[in-house]
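Going line by line, the protein sequences match chains A and B.
Numbering of the first sequence is given in this note's numbering, commencing with residue 28 and proceeding in unit increments.
Numbering of the second sequence is given in this note's numbering, commencing with residue 28 and proceeding in unit increments.
It is worth saying that the hints were derived from the structure and are not from the lab.
All figures in this text were calculated on a predicted structure; none of them were measured in a lab.
Warning: the hint list may mix true and false statements.
Any copy, or any two copies together, can satisfy a pair, since identical chains are not distinguished.
[Claimed, not checked] SDA-like mimics (lysine to any residue), calculated; alpha carbons at most 25 angstroms apart, straight line:
#, residue 1, residue 2
1, K235, A261
2, K235, A67
3, K235, L146
4, K235, T324
5, K235, A56
Listed here are the chains, written in short residue letters.
There are 2 protein chains.
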Amino acid sequence: MSGTTDGTLSEFELIRRYFSGRDRGLGIALGLGDDCALLAPRPGHHVAVSVDTMVLDTHFFADQPAAAVGHKALAAALSDLAAMGAEPMGVLLAVTLPEVDEDWLREFAEGMGELADRLRVPLIGGDTTRGPLAISVTVLGQAPSGSALRRSAARPGDLVVVSGALGGAFAGLQAELERREAGREPPLTEDPVCQRFFRPEPRLALGKVLRGRTRTAIDVSDGLLADLAHVCEASDCGAVLQADALPHDPLLAEWTPGAALAAVLSGGDDYELLFAWSARQRDELRPLASALQLPLTVIGEFTAGSGVQVLDAGGSPVLPAERGFDHFGRG
Amino acid sequence: MSGTTDGTLSEFELIRRYFSGRDRGLGIALGLGDDCALLAPRPGHHVAVSVDTMVLDTHFFADQPAAAVGHKALAAALSDLAAMGAEPMGVLLAVTLPEVDEDWLREFAEGMGELADRLRVPLIGGDTTRGPLAISVTVLGQAPSGSALRRSAARPGDLVVVSGALGGAFAGLQAELERREAGREPPLTEDPVCQRFFRPEPRLALGKVLRGRTRTAIDVSDGLLADLAHVCEASDCGAVLQADALPHDPLLAEWTPGAALAAVLSGGDDYELLFAWSARQRDELRPLASALQLPLTVIGEFTAGSGVQVLDAGGSPVLPAERGFDHFGRG
Numbered sequence: 028m029s030g031t032t033d034g035t036l037s038e039f040e041l042i043r044r045y046f047s048g049r050d051r052g053l054g055i056a057l058g059l060g061d062d063c064a065l066l067a068p069r070p071g072h073h074v075a076v077s078v079d080t081m082v083l084d085t086h087f088f089a090d091q092p093a094a095a096v097g098h099k100a101l102a103a104a105l106s107d108l109a110a111m112g113a114e115p116m117g118v119l120l121a122v123t124l125p126e127v128d129e130d131w132l133r134e135f136a137e138g139m140g141e142l143a144d145r146l147r148v149p150l151i152g153g154d155t156t157r158g159p160l161a162i163s164v165t166v167l168g169q170a171p172s173g174s175a176l177r178r179s180a181a182r183p184g185d186l187v188v189v190s191g192a193l194g195g196a197f198a199g200l201q202a203e204l205e206r207r208e209a210g211r212e213p214p215l216t217e218d219p220v221c222q223r224f225f226r227p228e229p230r231l232a233l234g235k236v237l238r239g240r241t242r243t244a245i246d247v248s249d250g251l252l253a254d255l256a257h258v259c260e261a262s263d264c265g266a267v268l269q270a271d272a273l274p275h276d277p278l279l280a281e282w283t284p285g286a287a288l289a290a291v292l293s294g295g296d297d298y299e300l301l302f303a304w305s306a307r308q309r310d311e312l313r314p315l316a317s318a319l320q321l322p323l324t325v326i327g328e329f330t331a332g333s334g335v336q337v338l339d340a341g342g343s344p345v346l347p348a349e350r351g352f353d354h355f356g357r358g
Numbered sequence: 028m029s030g031t032t033d034g035t036l037s038e039f040e041l042i043r044r045y046f047s048g049r050d051r052g053l054g055i056a057l058g059l060g061d062d063c064a065l066l067a068p069r070p071g072h073h074v075a076v077s078v079d080t081m082v083l084d085t086h087f088f089a090d091q092p093a094a095a096v097g098h099k100a101l102a103a104a105l106s107d108l109a110a111m112g113a114e115p116m117g118v119l120l121a122v123t124l125p126e127v128d129e130d131w132l133r134e135f136a137e138g139m140g141e142l143a144d145r146l147r148v149p150l151i152g153g154d155t156t157r158g159p160l161a162i163s164v165t166v167l168g169q170a171p172s173g174s175a176l177r178r179s180a181a182r183p184g185d186l187v188v189v190s191g192a193l194g195g196a197f198a199g200l201q202a203e204l205e206r207r208e209a210g211r212e213p214p215l216t217e218d219p220v221c222q223r224f225f226r227p228e229p230r231l232a233l234g235k236v237l238r239g240r241t242r243t244a245i246d247v248s249d250g251l252l253a254d255l256a257h258v259c260e261a262s263d264c265g266a267v268l269q270a271d272a273l274p275h276d277p278l279l280a281e282w283t284p285g286a287a288l289a290a291v292l293s294g295g296d297d298y299e300l301l302f303a304w305s306a307r308q309r310d311e312l313r314p315l316a317s318a319l320q321l322p323l324t325v326i327g328e329f330t331a332g333s334g335v336q337v338l339d340a341g342g343s344p345v346l347p348a349e350r351g352f353d354h355f356g357r358g
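Chain A on its own, in the form it takes in the complex:
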């Protein structure tokens, strides 16, 4: 049910308070409190839907500030809408909690609610359940029929473009792990160095702008190589990347070149968008990046064949780093 499966209305009510009470957004015919929420997508639009689950010890630390857990759970889910070029309509939140920890729940809801309000995503359903801590976020969005970005339409000769910088989330996680290794107390708020890991930003504005300008995008959640491989597989093509072109997060400045490259290629969790771009439109990237205030970097091109190759400045293949760090022992 949409609101109160287990009679834990008060817990869900507590969460709800941090969402400005707005469950009747544009396109929401019925919000919280019934068996289902009802969406009224615009005529000629498709509804995009995705679900993302975050589990304690697999995706976040027990002593991690709860606000960051709330932020990231929503951000990761919204990133899937961004990757489709869909505009968010609403979110459903299923929280499983071992016990009523009002402080944790309040902080969690605050972190998620802050992002939801900033991006104008109403909370339209969900529930709280008793059990081991886990968060399942369902996001819904809309995009004009036929215009949603898929993984399957990259063509040989298209440029491979990525937004922002890569490796920052991985660097942030490493900093956090080192801090823990050193036995230091968990901080009440996150270290700014860890922001890219704890507080990713879904690239919704970019996704919307890409719609109509390209047909292929994915978000970089598993890692650049892994996600690019998903696109290549779905599009039945290959890709070649130029190692020197890859945008490194500033946090990697002090890293050895090999470690930095590995973080950029396989770190994951950056939630940037990776997309195909017609070579003829190359000149349009700069004004687009400028309008969005977000770097858009050509890092290679799609090719006939299959698989992803990374070349160094001399044109020699770089040994592919392992695909995606198993940082939380997950998978």
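Starting from the known structure of chain A, fit chain B onto it as the hints suggest.
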């Protein structure tokens, strides 16, 4: 992401196999394998969405046949669509698993897939994640704009009608608990006596038929009294039930009258539909029930005021049983 958040493609693939591979149903523009699924609701329709989470030890037993877990997780979620009068479009399945237990997963997927195929609900997204066993099911459906059944439109004088019989799920759970108490081995398949608890049937056909004939319905998941109270609260009215009119599940035949009444009023998990019905249309119930091959019983009426009263044959109030058994210690 829609398919493979944690790279556990093979596990999700294993689940998928039991859904006839149909992820491109009517109204599905894009199924599995991209960042989101895309739905194409019919013009003039709203999209109904709900999420339901089932957690080990809270909602099901560790040694319970996994097929029943799969069946019930989907049935409970679809019941929310039934309660809105929405026709199912698709389901997203987020499974959290402590380890790869292929046998469990196969049986689980088989149980869920069987129901999904019978009701023609395609699997359009979801993922598998590492962590304590839990299942989160997101269902999507559609209904003509303005026709979805809500909780909020019951009016004093409307009849209170319930489908099927009540208390059977509770009786089934009791039988199962007694079997466990007696230390008997868990059976490989469920006892037929427990079917109403383990294998509820979402009343989708009824919900669809009710659309246009009434504006108010809810599914009986928390228990008759609790769910009727939800309707009364949302509709700003009260209700009076006739104890003698309540349809008892045959499993309660040997129970004491008091225990049977408590099971009927508060047992929960029956997933029948409870709806408001204009007194003027009373004669239409019988042919409807006959067409659906499902009993539809007038059990009382909505009243001015608030709260739910239960009257015995002599018109005296029956002491309300506690609202909803806390059978799994949940809530």
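Cross-check of the supplied hints:
no., hint, result
1, K235 to A261, "within (21 angstroms within a copy, 37 angstroms between copies)"
2, K235 to A67, "both (19 angstroms within a copy, 19 angstroms between copies)"
3, K235 to L146, "within (13 angstroms within a copy, 35 angstroms between copies)"
4, K235 to T324, "within (18 angstroms within a copy, 51 angstroms between copies)"
5, K235 to A56, "both (23 angstroms within a copy, 19 angstroms between copies)"
Figure legend: structure checked against the earlier numbered hints; every hint is met.
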